[in-house]
Amino acid sequence: MDEKSKIRSRRSFLKGSAAMMAGTVVAGSARANEADPLITELQDWASSTGVGVDETPYGMPISYESHVVRRNVEWLTADPISSINFTPIHALDGTITPQGCAFERHHSGAIELRKEDYRLMINGLVDRELIFTYEDLERFPRENHVYFCECAANTGMEWAGAQLNGAQFTHGMIHNMEYTGVPLRALLNEVGADISSDKWVYVEGADASSNGRSIPMEKALDDVLVAFKANGEALRMEHGYPVRLVVPGWEGNMWVKWLRRIEVSDMPVESREETSKYTDVLEDGSARKWTWVMDAKSVITSPSPQMPIKHGPGQMVISGLAWSGHGQITRVDVSKDGGITWETARLGKQGDTKALTRFYLDTNWDGAPMLLQARAMDDTGYVQPTKDQLRAQRGENSVYHNNCIQTWYVNTKGVAENVEVS
Amino acid sequence: MSKFLNLSIPVFGGIALLIGLAFGMSSRDHNASKIETLETRLEQVSEHAANSAEETKVQANRASELEAKLADIEVVYAELAKRGSSLTEPAPSIPDTLGIGRTAHPNEIAAWDVDVLPDGRGLPDGSGDVFTGEEVFAEKCAACHGDFAEGVDNWPVLAGGFDTLADKDPVKTVGSYWPHLSTAWDYINRSMPFGAAGTLTPDETYAIVAYILYSNDLVDDDFELSKDNFSEFEMYNKDGFVIDDRPNAEYAKWQAEPCMSDCKDEVQVTMRSVFLVDTPPEGGSDSVPNMATIDGLPSFTKDGPSFIPVEDEKPAEEKVEKASLATSSQEVAGAADLIKAGKKVFKKCSACHQVGDKAKNRSGPILNGIVGRTFGTVDGFKYSNVFKAAAEEGRAWDEASLAEFLKKPKAYMKKTKMSFSGLKKDEDLKAIIEYLKSTGQ
Chain A
1 MDEKSKIRSR
11 RSFLKGSAAM
21 MAGTVVAGSA
31 RANEADPLIT
41 ELQDWASSTG
51 VGVDETPYGM
61 PISYESHVVR
71 RNVEWLTADP
81 ISSINFTPIH
91 ALDGTITPQG
101 CAFERHHSGA
111 IELRKEDYRL
121 MINGLVDREL
131 IFTYEDLERF
141 PRENHVYFCE
151 CAANTGMEWA
161 GAQLNGAQFT
171 HGMIHNMEYT
181 GVPLRALLNE
191 VGADISSDKW
201 VYVEGADASS
211 NGRSIPMEKA
221 LDDVLVAFKA
231 NGEALRMEHG
241 YPVRLVVPGW
251 EGNMWVKWLR
261 RIEVSDMPVE
271 SREETSKYTD
281 VLEDGSARKW
291 TWVMDAKSVI
301 TSPSPQMPIK
311 HGPGQMVISG
321 LAWSGHGQIT
331 RVDVSKDGGI
341 TWETARLGKQ
351 GDTKALTRFY
361 LDTNWDGAPM
371 LLQARAMDDT
381 GYVQPTKDQL
391 RAQRGENSVY
401 HNNCIQTWYV
411 NTKGVAENVE
421 VS
Chain B
1001 MSKFLNLSIP
1011 VFGGIALLIG
1021 LAFGMSSRDH
1031 NASKIETLET
1041 RLEQVSEHAA
1051 NSAEETKVQA
1061 NRASELEAKL
1071 ADIEVVYAEL
1081 AKRGSSLTEP
1091 APSIPDTLGI
1101 GRTAHPNEIA
1111 AWDVDVLPDG
1121 RGLPDGSGDV
1131 FTGEEVFAEK
1141 CAACHGDFAE
1151 GVDNWPVLAG
1161 GFDTLADKDP
1171 VKTVGSYWPH
1181 LSTAWDYINR
1191 SMPFGAAGTL
1201 TPDETYAIVA
1211 YILYSNDLVD
1221 DDFELSKDNF
1231 SEFEMYNKDG
1241 FVIDDRPNAE
1251 YAKWQAEPCM
1261 SDCKDEVQVT
1271 MRSVFLVDTP
1281 PEGGSDSVPN
1291 MATIDGLPSF
1301 TKDGPSFIPV
1311 EDEKPAEEKV
1321 EKASLATSSQ
1331 EVAGAADLIK
1341 AGKKVFKKCS
1351 ACHQVGDKAK
1361 NRSGPILNGI
1371 VGRTFGTVDG
1381 FKYSNVFKAA
1391 AEEGRAWDEA
1401 SLAEFLKKPK
1411 AYMKKTKMSF
1421 SGLKKDEDLK
1431 AIIEYLKSTG
1441 Q
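Line by line, the protein sequences give chains A and B.
Count the first sequence with my numbering and you get residues 1 to 422, in order.
Count the second sequence with my numbering and you get residues 1001 to 1441, in order.
Among these hints, one or two may not hold up.
The list that follows gives simulated cross-link-like pairs (lysine to any residue, SDA-like), each with its CA atoms no further than 20 Å apart [as the list claims (entries may be wrong)]:
no., chain 1, residue 1, chain 2, residue 2
1, B, K1347, A, Q389
2, B, K1410, A, I111
3, B, K1168, A, G395
4, B, K1347, A, G109
5, A, K199, B, D1129
6, B, K1302, A, W365
7, A, K277, B, D1153
8, B, K1410, A, G109
9, B, K1347, A, A110
10, B, K1360, B, K1417
11, A, K219, B, P1090
12, B, K1168, A, Q389
13, B, K1227, B, D1129
These are computed hints drawn from the structure, not numbers from a lab.
Note that this is a predicted model, so its numbers are computed, not measured.
Okay, chain A solo, but in the shape it has when bound (with noise of 0.2 Å):
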C-alpha cells in the first residue's frame, strides 16, 4: 500500500466517520437483523443451579477477571525481593484500591509477622518510654481516612521519555484505601513525647530491610495515622500486617510496613533511604532532599494502552484519577489534541484530601486520533506541569517525583500508545 492511499483527509475522513456514526445510530436504535441466542436460546446459567454459599470462604475476583492483577517488569530492579509492582489502575474504576491488586514494593520482602509477635517501642525524648501490643494500639481512640499512597518514584522511568506502555506501568506504584488507626499524635501524647516543632519523629520497620525515616514534628502531629486495617480487614502481609504507618500526601517510602519503632529526636536519622535514595538530583549535580509531598497529578486511565476503544465512534467515556499531597483536587481538564483545547471534567465528591479523585469526561469521538492528556488542579491552585516544564526546572537526571502531564496517542482503532509531545 502506498502512503498517498494510506493518508486521506481529514474531511473525507470525518464525513465517512459522520456516515459511520449515523449508520451506529440507526442500527442500534432499530430491530437486529437477527436474534441475538444469548437471549433467545436457554441459557446453562438461567437452567441449572450456581455455586452454594462457602464455595470460596474468602471470595477472589471471578475467572473472567484473572487479567486484573499486579504486574512487575523484572528488568527494572535487580532481584524480586527487592522490587516493585504496579497496580492495574487501567482496569479499576471509583477511587477505592483493593488491598489484592495494590501495588507491592519491598526492600526485603513481606514478611509474616502475627499479631501476637508484634510490639511497637516509642523511645527517644519521651517521659516514658513504652512497648505497645497489637492490642494495646486497638484501646486508643481511632480514626477512618482514606489516603492515597504514591511511591516517589511513579513515573519515574518516563523521565528519560515515554518508555512504558501502559497506564498501569507509568502510574500504577500508587493506591487508596481507607485506613482505621489511631492518630500519630494520641501515642506521643501516651508517652509525653517532646514535641516541640524543631524535634523529628524517627520511624522504623521490622523487616530485615529496617526501613526507617525522619518526619518532622509538625507532620507527626498533623494526620499522620498509625494503621492498622485497611478498606475495612487487615491491611495484607504486603502492605505492612499488622500494623503501617499511613502518612498522607507524603511519598510511599515514608509509609513505613511492620511499624516497630518511633524515636523522637532532635535531628533527622538522614538513613539511606532519605539520602542515597529518594532525592533528587537536579541539572547542575546538586541535590533536593526532604521532597516529601507528592505533588497534583493525574492520569487518563482509560483509553490507555491496556485500555483500548472498542466500541467505534460514538458516545464514550474517558476516565482517569487525580490526587495531590496538597489536598483537595479542585479540577482536571482534558485535552483530546495534545494540549492545544482543553475541556473540564467531571470530579467526584469534593472534600477528598490526599485522596484519588475520580474524573470523567462524557464526550463524542469522532473516530479521528487524539492525543489524550488530563491536568490536574488543587485548592492551593498549583496546576500539574508538562514534562518540559518539569524538565526546564530540574533537568532530566531525576528519578522521583514525575508529576507531568501524560499524553496517550490513540490511533483510528481506538488503540493507545504512551508517547511524548512538543
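Got chain A; can you put chain B on it based on the hints?
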C-alpha cells in the same frame, strides 16, 4: 438577618401612624370625645409600640442567636469539608495519659535503638581497617556489589562516579553521593548483608565501611575506622543537598489560571513508547521493543489532526496468531517449558548462586549438577557445619530432598547459612528442579 428586617417593619409603621395623628389633631376644633378617643388610641398605640419593641428585641435576640448558631455550623461544615475523607469524627484529644502500654526494658531499647545519627551519636565502640574490610566484603558483600564495590548486574554500585552527578546518568555511590558517613554505617549495620541483616559485629561494620571508603579512593590502605575518628570524616558530597525548594522554585510559578483554548499552534509527537508491554495471563509482563517510528503520525492543530493515518490491520492479526500459538504450546507444555519456567524462578537464587560454564562460588556454591551430587561437596566453598556433616554421611541430593530443602531451607537443614526463606509454590519447585537438572555438571 432577613428575619430581623421583617420584624422591624410593624414598629416603624406604628410610629409613623402616631406622628400622623399628632399633626392631624392640631388643626381641628377641640372635641372632647374625640380627644378622649384619640388619647385612648394613643395609649393603645404606644402600648402596642412598646410591646412591639419588646417583641422585636426578643426576636432580634433570637435572630442573633440563630445567626451565631449558623456561624458555628458553618465552622463545623468548613472543618468537615477541609477534612473531607475523614470518615469519622476526629478522635478526642486526651489531656492526660490513658495508661496503655508498658515501660520498655533497657535491654529492649538497646536491642532496637541502634540507629546512628549524622553526628555519630549511636555508634558502638569498635574499629575496623581496610585490610580486614576487604576480607569481610569479599565474603559477605561482593556477591552482589562486586569485589571492588563496582556492583553486579542491577545491584548497587558503591564506588566511583565522582563528578558524574551533573551528567545524564549520574552514578550515585557511597563515595560520590552520600552526604554522611553515618548513613553507610547505619545502613550496613542494620540492613546488610541482604538476606542476613543484623548479623554483622560492630568491628565488621567498621571494617566494611573502611573498605568502601578505600574502594572510593577516599582513604589509604592503612586506614582504620573507629568510633573515635568517625566524626572527623567528611564525605565528598556533604554540601551537595538543598532542602526541598519546590515551594519557591515551582509552586509559586505553576499557579496561573490554565489556558483552555488555542494554547499552542501545533503539537507533534516527538517520541513513541520505547517498549510495548505484553501482559500474559499468568501474570508479570514482557517488555518488547516498539519498532514503530513517529513518521506517519499526524501533527495536531486546533482544527484537529493534520491527516488521518490508515491503521494497518496486520498487527491485530499477528496478535491473534500469537495468542492461539500460546494456547497450543500451553497444551503441550513439557520439560522444555518447565526448564524455561525454572530459569525464571532461579532469578530468586542468582544473587548468591551461579550455574553454567563460567559459574563461580559466590555467597552460595555453584549449583551445576546438583541433583545426584553429594551434599556439601563443591570445591572451594565454605559450608556450614550441617552441610559438612551431611557430606561426611555421604547423603546425596535427589529431586525429593531438593524440593523439601527449597520449600523451607531452615526447616530441612537447620542452621544452614542460606538465608532464603523458601519457594512456596509447588510448580516453582518443580520448575527449578527441572532447570537445575538441565545445568549439567
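Hint by hint, here is what the structure shows:
Between B:K1347 and A:Q389 the alpha-carbon distance is near 39 Å, which puts this suggested pair outside the 20 Å criterion. Under the criterion of a C-alpha separation no larger than 20 Å, the hint pairing B:K1410 with A:I111 is consistent with the structure, at around 16 Å. Between the alpha carbons of B:K1168 and A:G395 the distance comes to roughly 9 Å, so the proposed pair stays at or under 20 Å and holds. For the hint pairing B:K1347 with A:G109, the CA-to-CA distance comes to about 14 Å; that is within 20 Å, so the pair holds.
Restraint check for A:K199 and B:D1129: the C-alpha separation of about 35 Å exceeds 20 Å, so the hint is violated. Distance restraint check for B:K1302 and A:W365: the Cα-Cα separation of roughly 16 Å lies within the 20 Å cut-off, and the hinted pair is therefore satisfied. Proposed proximity of A:K277 and B:D1153 is supported: the alpha carbons are some 19 Å apart, at most 20 Å. Distance hint between B:K1410 and A:G109 is fulfilled; the C-alpha atoms sit about 17 Å from each other, no more than 20 Å.
Restraint check for B:K1347 and A:A110: the C-alpha separation of about 17 Å stays at or below 20 Å, so the hint holds. Among the hinted pairs, B:K1360 with B:K1417 is consistent with the structure: their alpha-carbon atoms are about 18 Å apart, no more than 20 Å. At roughly 16 Å between alpha-carbon atoms, A:K219 and B:P1090 fall within 20 Å of each other, so this suggested pair holds. For the hint linking B:K1168 to A:Q389, the alpha-carbon distance of about 18 Å falls within 20 Å, and the restraint holds.
About 12 Å separates the Cα atoms of B:K1227 and B:D1129, which keeps this hinted pair within 20 Å; it holds.
Consistency note: the structure conflicts with the earlier hints numbered 1 and 5.
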